[in-house]
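Peer 1: So you can see what is in the structure, the chains are spelled out below.
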Amino acid sequence: MIDSVRAWRDRLRATDPADHRGLLSVGGIRAVWTDALDALTDEALEQIASAPGTPWASAAMAVPRTVPTSPVEWCAVLLTRGTEVTLKPPSTHPGVVPLLVEAARAVDLPLAADADRSSLLRAELAVVQGGDEAVAAVRAARGDRPTLGFGHRFSVAWIRDPRSMVGLAADTARFDGRGCMSPVLALTDLGLEEAAEALGEAMAAQALALPRGSLLPEEGAALREHRARARVGGGLLAGPDWAVLVGPLPDDEPPGLVRAIRLAHADRATAAAWLAARRDQLSTVGTDDPELRLPGVRVCAPGAMQRPPLHRIHDGVDWVSLAVARPQNPWVV
Amino acid sequence: MSPWTGEAAALADRIAAFVEASLAGRATETFDALAGAIHRWQVAHDPVLAALVEEDGRIPAVPVGLFRDPGVGTLRGEAPVVFRTSGTTEARRGEHRLRSTALYDLGAVAWARRCVPHLPARVEALLEDPALKPDSSLSHMVAGFGPARWHVRDGQVDVASLARPWSGPAFVPCTAFALAEWLEHDPRPLPTGSVLMVTGGYKGRIRSIAAEDLVREARDRLRPSAFVTEYGMTELSSQLWGTPATGFLPPPWLRVSAVRPETGDAVAPGEIGQLRFTDLCNLDGTLSIETMDLGAIAADGSVHLHGRLSGAPARGCSLTIEEAR
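Top line first, the protein sequences correspond to chains W and U. According to my numbering, the first sequence holds residues 195 to 527 in order. According to my numbering, the second sequence holds residues 39 to 363 in order.
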């Protein structure tokens, strides 16, 4: 099966996803498409193929609309194990699902798409990424049957070196800042002016290199509101398609905004305490601080937040080990 | 005695004169001249607004979310009157702080009587008593229409008090949800000459009401002599009035525009956009606001609502609950 998955991956590499970009720009979808396929290294796939345990007979995944390439890695892992996979595409836009299915059909991999919700109920394993309500709804509908639910999390950066702002800006540009691995807040012990300028310069460069795609109406309205908030409460550094919103260290999770990130000053101890207190809500922390430790949270370098390797902690769990085989113990996730 | 002093008092006088003159079909000055004067005074007295003024000097439409945090308006500290938004799901409610309701009352009553000429003097309100809920701008507005009985207590429609017979025609203002609840209790037809007013959204946190169904049922069972609709916001001092079959008409001292939510650019006439209001009676608050409501402005100036923008953009691996259904 692994040879077919490699062939599937290589077919996808030769495919231009531009016509399936959804909200992203042509450059935007191509960038995240390449990232997603680059994560499927031969070595990673071989590790999955050789993992012990009994694979799931069938799995269904609800594809989130904001991270259109999210099913790529799930399909690769499950298909490598011989699991039959069904993708439920978003109702608003199928995204890259048709490309994944078409390439799979060409190499005889058992991957299908089904827009009907019942596909999530039929499969032995269901995978749901999204809002807590969506995860709860699927779990409730499936009862005791195995459901891997990844509810709402958010991501943050902790930056000590202005040179790291280039990587951080790349993280905000991937998926246009949508997705749970996209940083909504950068904490820094640099001077705020220096940090804002470095980050703004990098975000402006990203806006040229990787143009922003479309906005949903509510996203545009939220951007205007939060730009206004920043002007009142701290400072705003912005171009037409990006924004650095300077403000105090927030108590609550900052709102997720398209191509915009909040920047707040914190000394090292304060930043560590802030992150530790929200550990259960965090998906990814991007940092240039090699001493940062956050057990259960994915910690990576700036620039790698939205380009995760296949083997990683995802929302506090080793998702690959859960996907490759049925658990020996009663299902507890 | 005017609650305002100095330049603000002079502005309040100009606003009152504008309201009265425009209702009489005259003009004391242009809308833009008065708006400019109010805006300059507000910028000098509201640091939040001052921070939002762009280099081009245009009057910024302040997003309504800023009324919640950090707060908008020329009044800091204690305020004689505070109207609050009803959003109970929000950690903090938006506040419209006023030195006085004099301008609010002047415009509200005058425009209501212009739009609804035969408004009965007696009021039977499916609203909370403003004496018990002084931060409700809607209850405050209705109290200005005449002696009223209030039939909502602690958020519940008081069906027993509504069941008592009314002696004559009444003005019956209600929110859509209160009206729906009342209709579930088999109400008697209203006395001849009564005017039914419905306001507020039809989509709640728990349930949605089909607006057309509610209107039809209310007409069939309550048989009002007139059925009117009202659109107002806590952050505004002026209201728009209409009927279920027409759009909402703004008064001459309230200018409405619609913009593309994605960009903030004006939409073409008649196109649906995010609504902005510039309210000359908003002397203590802020002149111009950007709402989360969607609507289209017809050639006659009437506003047709088309729902609301989501207040919380999809976030994270944002699979909406609808995706899972």
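Keep in mind that a hint or two might mislead.
To be verified - Every beta carbon over 12 Å from chain W, so not counted as near; a handful from chain U, in silico:
(1) P85
(2) A99
(3) G103
(4) R122
(5) C153
Said to hold, decoys possible - Quick look at which bits of chain W chain U covers, simulated, 3 or more residues with Cβ under 8 Å:
(6) 398 to 412
(7) 508 to 519
Unchecked claim - If you want a taste of the chain W side facing chain U, the calculated C-beta under 10 Å gives, among others:
(8) A415
(9) A416
(10) R418
(11) E419
(12) L443
Hints are computed from structural coordinates only; laboratory data are not their basis. Where a beta carbon is used, it is the ideal one built from N, C-alpha and C, also for glycine.
Peer 1: If a hint holds in the structure, say so; if it doesn't, say that too.
Peer 2: Against the structure, the hints:
Listed as a non-interface residue, U/P85 fails to keep its Cβ farther than 12 Å from every Cβ of chain W; the least gap is roughly 8 Å. Not every beta carbon of chain W lies more than 12 Å from that of U/A99, the smallest distance being close to 9 Å; the non-interface claim is violated. Not every C-beta of chain W lies more than 12 Å from that of U/G103, the closest at about 5 Å, which undercuts listing it as non-interface. Residue placement check: U/R122 keeps its beta carbon more than 12 Å from all beta carbons of chain W (closest about 19 Å).
Residue placement check: U/C153 keeps its beta carbon more than 12 Å from all beta carbons of chain W (closest about 29 Å). With 5 residues carrying a beta carbon less than 8 Å from a beta carbon of chain U, the region 398 to 412 of chain W meets the three-residue requirement, and the given coverage holds. For a cut-off of 8 Å, the count of residues in the region 508 to 519 of chain W with a CB near a CB of chain U stands at 0, and the three-residue condition is violated. Nearest Cβ of chain U to the Cβ of W/A415: about 5 Å, under the 10 Å cut. The hint holds.
A least Cβ separation of about 5 Å between W/A416 and chain U falls short of the 10 Å threshold, and the interface hint therefore holds. Annotation: interface hint on W/R418 holds; nearest CB of chain U at approximately 6 Å, less than 10 Å. For the restraint placing W/E419 at the interface with chain U, the shortest Cβ-Cβ distance is roughly 4 Å, inside the 10 Å limit, so the hint holds. Because the beta carbon of W/L443 sits about 15 Å from the nearest beta carbon in chain U, more than 10 Å, this interface hint is broken.
Violation of the numbered hints given earlier is confined to hints 1, 2, 3, 7, 12; the remaining hints are satisfied by the structure.
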